[in-house]
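Residue numbers (our numbering): 579 to 1335.
To be clear, the hints were calculated from the coordinates, so they are not data collected in a lab.
Be careful, since some hints might not be right.
The calculated lysine to aspartate or glutamate pairs, modelled on EDC-like cross-linking and capped at a C-alpha distance of 16 Å, are [claimed, not checked]:
hint : residue 1 : residue 2
1    : Lys619    : Glu670
2    : Lys753    : Glu743
3    : Lys936    : Glu1148
4    : Lys1108   : Asp1178
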Amino acid sequence: MDLEKLLAKRELCINDNPPSCVATCPIHVDVKGFMEQVQNKNFEKAYNILEKRMPMSRVIARVCDHPCENVCVRKEKGGSISISEVEKAIVEYGFHKKKEGPSIPTNNRKIAIIGGGISGLTCALDLEKKGYLVTIYERSDRLGGRLNQLVGDILPQEVLVEEIESIKKTKIKVKMGIEISKANIGKLQSEYEAIYIGTGKWEAQLNIDEITLATEMEGVFVGGTIATKSDSIILSVSTGKIAANSIDRYVQKTSLTAYREKESSYETELEIDTSELIEENRIVPSSTIYSREEAIKEAERCLLCECAKCYKACPHLQYEKLMPKEYIRKIHHNERVILGDRYANITINSCMVCGLCKNVCPTGLDMAEIIRDTRRSMVEREKMPPSAHDFALKDMEFNRSEYFHLLRHEPGMGQSTFIFFPGCQLCSSYPQYVDKSYAYLMEILEGGVGLYLNCCGAPGEWAGRYDLFQASINKIYSDWESMGKPIIILACSTCYYIFENYIPDIEIISLWKIFNEKGLPNTTDNGRGKSLVVHDSCTARDYSHIYDSIRDIAYKLEYELIEPELTKKETQCCGYGGLAYFANREFSTYATDQRVQEKDGEYLAYCAMCRDLFVSRGKRTLHILDLIFGEDMEKLSMKKGPTLSERRNNRLKFKISILNKFWGEKLNLKEEYSDIDLIIDEHIKKLMEDRLILEADIKKVIGHSEENQNIFYNTENNHYLSFRRMLNVTYWVEYVKNGDSYKIITIYSHRMDVQGE
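Using the sequences and the hints given, assemble the complete structure.
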């Protein structure tokens, strides 16, 4: 796996970029963070967040000119958030004196600050926190500079005095009544390792570096209005912080310019969709400052901007509590460091690889592609847990075997213009509808319609088993060539995805498009305005002609369709995709529940697995073929899908029956020990589903053990216990004999190989 490419893709995720207000703020106050705390009615925590980035926060919050409000995404939806007013409320209601912490050790490096105004005090405070010995030279008899002119209703005198006094209690030295000019600054240069000029005015012209605020004078930096040429309070604060960083780098002899592109205001890459945002007007303060309740209401207008579109849409990310950047970091760690961790593997194998994340992501980050590559890498490194996909891969091999594989021209014809490829799952759930669909196709299409029973190989692709997947693709291609390269008619959208992406030479068409364009059978019932919630298959998201055809068919049958929030290109997976159903059943159920709980009412699906999973969770659901060929919709909407054993049996029975019906061929094909009669209670059937054990597996264990007398017998309860290893799984069956039948007591399996003497 190309890990550098993986890390590059990680940077496509923009969610950790700050909101526009934070990026625009010259000192990057965490507006989102303190707004969330105010929403939670916790003003003290909001104050803690505010003062992390804002020096003298009780003062600056009251007088800041707030350029952040100009870029608020709510600007056109009721007005920008009143960040200014909320900050004033925070310092009013959330201020609390901090407990004295450990004293910061000094580094004995001396720094001079010329000017005790806004920028000078900011620079001094930042440097003092870094351990520098700071001395402020102020020409007047008081600190604060312009702040003293702002005292009034918004900035009470006592608040400013308290903040100034708190500065004087630090290790910062203050020398009043001393004016430093161009004439005597040289003396300071000899005494101090660096100097900051924040006097508001300077008699000499200075060449100032826009990024570092360094001047042509060695070790001299400048800020405040001299640098900003502006009356902005917050810009002056910003220059003090930037200069403090530059001075620290200068003294430490590190790069003055490295990684400083986003130190001041910048444009964030975060994108926020406000198209569906409801307009809410700003809360107007009833007094000079918001009441607590007013501040909370105004904070509640804040969107707490984040992208998180993929997270909000994807059940897998929600279940794992992972954002893409963290997910990719976990994958990278799994690939490079721990080389296959059980917990990371479970996460990686639970992804439904449905592609929803890419479709909702503003930058097109495709986690499905990353997961496919990761699974393939795990297989190549022999770190893929066999149990994750073993059942599905064996089922795929069954579908490619003589028990299901079938290739025929239309009866009585030696060539095929078309060939119908219904897919394995439709034949498992609706063999009777596949039969009727084939008869319909032969009736309405000219040139011959052949029939092709096989698996498209999707389980191999999902599992990262590209050896098995490629073998499946090669077989399909050779079968297609042997039939004269006909147009293949596909019922399954997963098959459509596989053919479209991996066998582009083959011309394909959707069964649903044919139904829509050629007309429906005359026997089809009328929906009479019945409402159905339409669920799109995740593998159809890129094929509008498929989901549009489904809707057209439903409308023609006079059904009313309700669209869920996530639909068409942005449809949500049912919980089966990517083999999540086999790798992590708990998560698969979670995903299914999330989908069916989205809307009330009956659902309409056109994937057999989607339909069967929805019904298994109690959601009334019809398949599109129910609408076309079915009778008694009330009964059909709650008809349970077949068990895993029944799914396999249905495929074999379908092959046998359709060969006999259309070609007059009688096929006597049975699996090993298939004649054994089993008695299986409902709780055992549930165990079989949960543990992915088939009736065929149980019959093979009992038949082989009885034949070879490789059986344990319990004299206390007359139970028999037999086992058999098939491929890489050992199956155990406990049973009692009931005449010629075998009543199953319990079953289980594991991957250990039991050796006898």
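Each hint tested on the structure:
Restraint check for Lys619 and Glu670: the C-alpha separation of about 14 Å stays at or below 16 Å, so the hint holds. Between the alpha carbons of Lys753 and Glu743 the distance comes to roughly 14 Å, so the proposed pair stays at or under 16 Å and holds. Between Lys936 and Glu1148 the alpha-carbon distance is near 9 Å, which keeps this suggested pair within the 16 Å criterion. Simply put, Lys1108 and Asp1178 have alpha-carbon atoms about 14 Å apart, close enough for the 16 Å limit, and the pair holds.
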